[in-house]
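**Student:** One letter stands for each residue in the lines below.
Protein chains: 2
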Amino acid sequence: MSRLKSVTPFLVMDILRKARSLKDVIHFEIGEPDVPPADAVKQALSQAALEGKVGYTESLGLWELRQAIADFYQRRYGVTVAAERIAITVGTSGAFLITYAILLSAGERLLLTDPAYPCYKNFAHLLDIKPVFAPIDASTDYQLTPQQIRDYPGIRAVQISSPSNPIGNVYPAASLKALIETCEAQGATFISDEIYHGLTYEEPAHTALEFSDQVIVINSFSKYFSLPGLRLGWAILPPNQVRNAEKVIQNLFIAAPTLSQYGALAAFDEAYLRQTTETYRQRRDYLYQALSELFEIETRPQGAFYIWANVEKYTDDSVLFAKQLLDEIRVATTPGLDFGQNQAHKYLRFAYTRDLAHLQEGVRRLQQFLR
Amino acid sequence: MSRLKSVTPFLVMDILRKARSLKDVIHFEIGEPDVPPADAVKQALSQAALEGKVGYTESLGLWELRQAIADFYQRRYGVTVAAERIAITVGTSGAFLITYAILLSAGERLLLTDPAYPCYKNFAHLLDIKPVFAPIDASTDYQLTPQQIRDYPGIRAVQISSPSNPIGNVYPAASLKALIETCEAQGATFISDEIYHGLTYEEPAHTALEFSDQVIVINSFSKYFSLPGLRLGWAILPPNQVRNAEKVIQNLFIAAPTLSQYGALAAFDEAYLRQTTETYRQRRDYLYQALSELFEIETRPQGAFYIWANVEKYTDDSVLFAKQLLDEIRVATTPGLDFGQNQAHKYLRFAYTRDLAHLQEGVRRLQQFLR
Numbered sequence: 001m002s003r004l005k006s007v008t009p010f011l012v013m014d015i016l017r018k019a020r021s022l023k024d025v026i027h028f029e030i031g032e033p034d035v036p037p038a039d040a041v042k043q044a045l046s047q048a049a050l051e052g053k054v055g056y057t058e059s060l061g062l063w064e065l066r067q068a069i070a071d072f073y074q075r076r077y078g079v080t081v082a083a084e085r086i087a088i089t090v091g092t093s094g095a096f097l098i099t100y101a102i103l104l105s106a107g108e109r110l111l112l113t114d115p116a117y118p119c120y121k122n123f124a125h126l127l128d129i130k131p132v133f134a135p136i137d138a139s140t141d142y143q144l145t146p147q148q149i150r151d152y153p154g155i156r157a158v159q160i161s162s163p164s165n166p167i168g169n170v171y172p173a174a175s176l177k178a179l180i181e182t183c184e185a186q187g188a189t190f191i192s193d194e195i196y197h198g199l200t201y202e203e204p205a206h207t208a209l210e211f212s213d214q215v216i217v218i219n220s221f222s223k224y225f226s227l228p229g230l231r232l233g234w235a236i237l238p239p240n241q242v243r244n245a246e247k248v249i250q251n252l253f254i255a256a257p258t259l260s261q262y263g264a265l266a267a268f269d270e271a272y273l274r275q276t277t278e279t280y281r282q283r284r285d286y287l288y289q290a291l292s293e294l295f296e297i298e299t300r301p302q303g304a305f306y307i308w309a310n311v312e313k314y315t316d317d318s319v320l321f322a323k324q325l326l327d328e329i330r331v332a333t334t335p336g337l338d339f340g341q342n343q344a345h346k347y348l349r350f351a352y353t354r355d356l357a358h359l360q361e362g363v364r365r366l367q368q369f370l371r
Numbered sequence: 001m002s003r004l005k006s007v008t009p010f011l012v013m014d015i016l017r018k019a020r021s022l023k024d025v026i027h028f029e030i031g032e033p034d035v036p037p038a039d040a041v042k043q044a045l046s047q048a049a050l051e052g053k054v055g056y057t058e059s060l061g062l063w064e065l066r067q068a069i070a071d072f073y074q075r076r077y078g079v080t081v082a083a084e085r086i087a088i089t090v091g092t093s094g095a096f097l098i099t100y101a102i103l104l105s106a107g108e109r110l111l112l113t114d115p116a117y118p119c120y121k122n123f124a125h126l127l128d129i130k131p132v133f134a135p136i137d138a139s140t141d142y143q144l145t146p147q148q149i150r151d152y153p154g155i156r157a158v159q160i161s162s163p164s165n166p167i168g169n170v171y172p173a174a175s176l177k178a179l180i181e182t183c184e185a186q187g188a189t190f191i192s193d194e195i196y197h198g199l200t201y202e203e204p205a206h207t208a209l210e211f212s213d214q215v216i217v218i219n220s221f222s223k224y225f226s227l228p229g230l231r232l233g234w235a236i237l238p239p240n241q242v243r244n245a246e247k248v249i250q251n252l253f254i255a256a257p258t259l260s261q262y263g264a265l266a267a268f269d270e271a272y273l274r275q276t277t278e279t280y281r282q283r284r285d286y287l288y289q290a291l292s293e294l295f296e297i298e299t300r301p302q303g304a305f306y307i308w309a310n311v312e313k314y315t316d317d318s319v320l321f322a323k324q325l326l327d328e329i330r331v332a333t334t335p336g337l338d339f340g341q342n343q344a345h346k347y348l349r350f351a352y353t354r355d356l357a358h359l360q361e362g363v364r365r366l367q368q369f370l371r
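Going down the list, the protein sequences come from chains A and B.
Sequential numbering of the first sequence, starting at 1, is according to full-length UniProt numbering.
Sequential numbering of the second sequence, starting at 1, is according to full-length UniProt numbering.
Please keep in mind that the hints were generated in silico from the structure rather than gathered at the bench.
Quantities reported herein were computed from a predicted structural model and do not represent experimental measurements.
Just to be clear, a hint being listed does not mean it is correct.
Which copy is meant is left open, so a pair is good if it fits within one copy or across any two.
To be verified - Mimicking DSBU-like on lysine-lysine, the simulated pairs with C-alpha atoms at most 35 Å apart in a straight line are:
{"id": "1", "residue 1": "K323", "residue 2": "K53"}
{"id": "2", "residue 1": "K53", "residue 2": "K23"}
{"id": "3", "residue 1": "K177", "residue 2": "K346"}
{"id": "4", "residue 1": "K5", "residue 2": "K130"}
{"id": "5", "residue 1": "K18", "residue 2": "K53"}
{"id": "6", "residue 1": "K130", "residue 2": "K177"}
{"id": "7", "residue 1": "K177", "residue 2": "K53"}
{"id": "8", "residue 1": "K23", "residue 2": "K130"}
{"id": "9", "residue 1": "K53", "residue 2": "K313"}
{"id": "10", "residue 1": "K313", "residue 2": "K23"}
{"id": "11", "residue 1": "K18", "residue 2": "K5"}
{"id": "12", "residue 1": "K18", "residue 2": "K177"}
{"id": "13", "residue 1": "K323", "residue 2": "K177"}
Pulled out of the complex, with its shape left as it was, chain A reads as follows (with noise of 0.2 Å):
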């Protein structure tokens, strides 16, 4: 069992136990999309259900489903994507396993940043993928550099989200270029989790896509798409990776879930999309703004439903600070220790996942509780 010592649990899913068994409670820990999907979706879901369609997919996917991506990528970013390196899966949690299986062999190095998404290195831990991690921060507007890939010689995948989970930055296009560039020349492959694409409140986001071929890009249908309950993401793959990736998803998965697959085909809604946007954009303008009369928030964040609130003014242990806040005045949120170690007894993170009302309660709350 020594492949499980080292995958943590997630102090959020405690937290979240105890906010569900408690009432009135104010929701900034959840990392989940709020706003219901859009009604073609559900009528394309219903449709596929009543027609029966409960077989197996192929284990790529869809073909309609894998022709309606790469359209997706050719309208959003201009760029041209072969239907054929597009496989569907199981979720980004899909994605990750099948990635780094194929990168990677037992004793490899993966460099992550810390913080970052937690299940990344609960991926390598279970696949004895040994992850290594360069520490970001407020200095390089938590990027990882070119510098700190040239620091670890020996590593053969680097893995970056972008908008990221949790501090919601963007890196702009001369970074995402520099650090793809920087990779290549090291012999290492790029992965890059898109999963909060779309959901950018400034620029829109670049993807890999437009610097290289040879780079991973992985992304979903479970946050801007609003559907994380279909289980249904994708990976784009260098086009000699794509028979490896099937063969890893005819034995781990054997195809992603059909129905889901059917009702993504109906997803791709440009007027419902620009709507959700602007809902989170919204509620991003409204808590950073109030955030920042109360903590010191050191990244304005462009992208995905986060803020990384450095709490340090209050204490010194943000893990009994989030216990503090949800005990005493039943507000939910996520300590930094879920994210990495780097300073993380410094940081919160607080989600914008419910409406302007909810968040403006905790706001409240939090304003009368700090005075």
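Fit chain B to the known structure of chain A by using the hints.
**Tutor:** Coordinates of chain B only, in the frame set by chain A:
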């Protein structure tokens, strides 16, 4: 990429691909049910879709579904299983990944049979677990024996399936009990793949849970319930492994697909299930009889939807023979080599996942070709 080197692609997938490109093919190669899903399930899926049930469930699954499965064990087997011990998974594929991850560290040994379902060993390879193979054949009615378990003192887990893929044999209660006792005496965990339970044509199969609560039982909605595309299965765990499984699910999957879970609530429809078993029983009766006149079938299949046919009177290379059958009479089968190395060249697997008329046409072609 060394972990991928040992992962075998399914030969049947290549045959499937070719079979799809041809017209008028008889399909004996497909391990996927053709029985349409129950109307109640289609309605439940549609209803859940229209209600917008697309959020995540808890990692271990919808509590009502875990309870419905617990009730099913009480009703079917007279076994009391706490719903808390049931984890809802992304198919049996997800259940195997979780089970192997929590039981076996890199380098530890897992005892499998040869032949067996090929994914077992491929999951092991992906996790750097060492599969060891106990050959099984007609001399023990294709059952693993307690002595074979004792032959491998250091193994951490033993995995069988009953009814089995590819043979269709069913372990009697006494055999199952003896295997479990032998495992426990050696400190190995017994893993029982029960995905074909319900599809039995003589006696009902026994669940390993009748003999111990330290086993791990894996099952799914993909075969007996005719819902493969839902990608929904379950694992029943020893109480002290539930928390470990939850940690792995949180990280590897987040949760199983939500709509699928709501649909599955309607899947325990006894009249529909009886009819499904009856459908396959008729096919088994016909195909076993008909193929027995052409090939040597050493073990009358009592469950699943497969017949394991010894074809050595026609060939000493069943892969070549399968290709020949596909090319010359458009009859698709699965060569034994997909399931292992042990005398694999002598065998073909025939699946009866098409209606009687289709099977009859296949037999007619085989008779003409082989006469």
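**Student:** Taking the hints in turn, state whether each one holds.
**Tutor:** Right, here's what the structure says about each hint:
1. K323 to K53: Between. Shortest inter-copy distance 30 Å satisfies the 35 Å Cα cut-off; intra-copy 45 Å does not.
2. K53 to K23: This pair counts as between: shortest inter-copy Cα distance 23 Å, intra-copy 40 Å.
3. K177 to K346: Intra 31 Å, inter 55 Å, cutoff 35 Å: intra-copy only.
4. K5 to K130: both (13 Å within a copy, 20 Å between copies)
5. K18 to K53: Answer is between: at 23 Å across copies they meet the 35 Å cutoff, but 38 Å inside does not.
6. K130 to K177: within (25 Å within a copy, 41 Å between copies)
7. K177 to K53: The answer is neither: 42 Å in one copy and 39 Å across copies each exceed 35 Å.
8. K23 to K130: neither (41 Å within a copy, 49 Å between copies)
9. K53 to K313: neither (56 Å within a copy, 41 Å between copies)
10. K313 to K23: This pair counts as within: shortest intra-copy Cα distance 29 Å, inter-copy 73 Å.
11. K18 to K5: Within one copy, since 24 Å is at most 35 Å while 45 Å is not.
12. K18 to K177: neither (43 Å within a copy, 41 Å between copies)
13. K323 to K177: neither (41 Å within a copy, 48 Å between copies)
Going down the numbered hints, you'll see the structure goes against 7, 8, 9, 12, 13, while the others check out.
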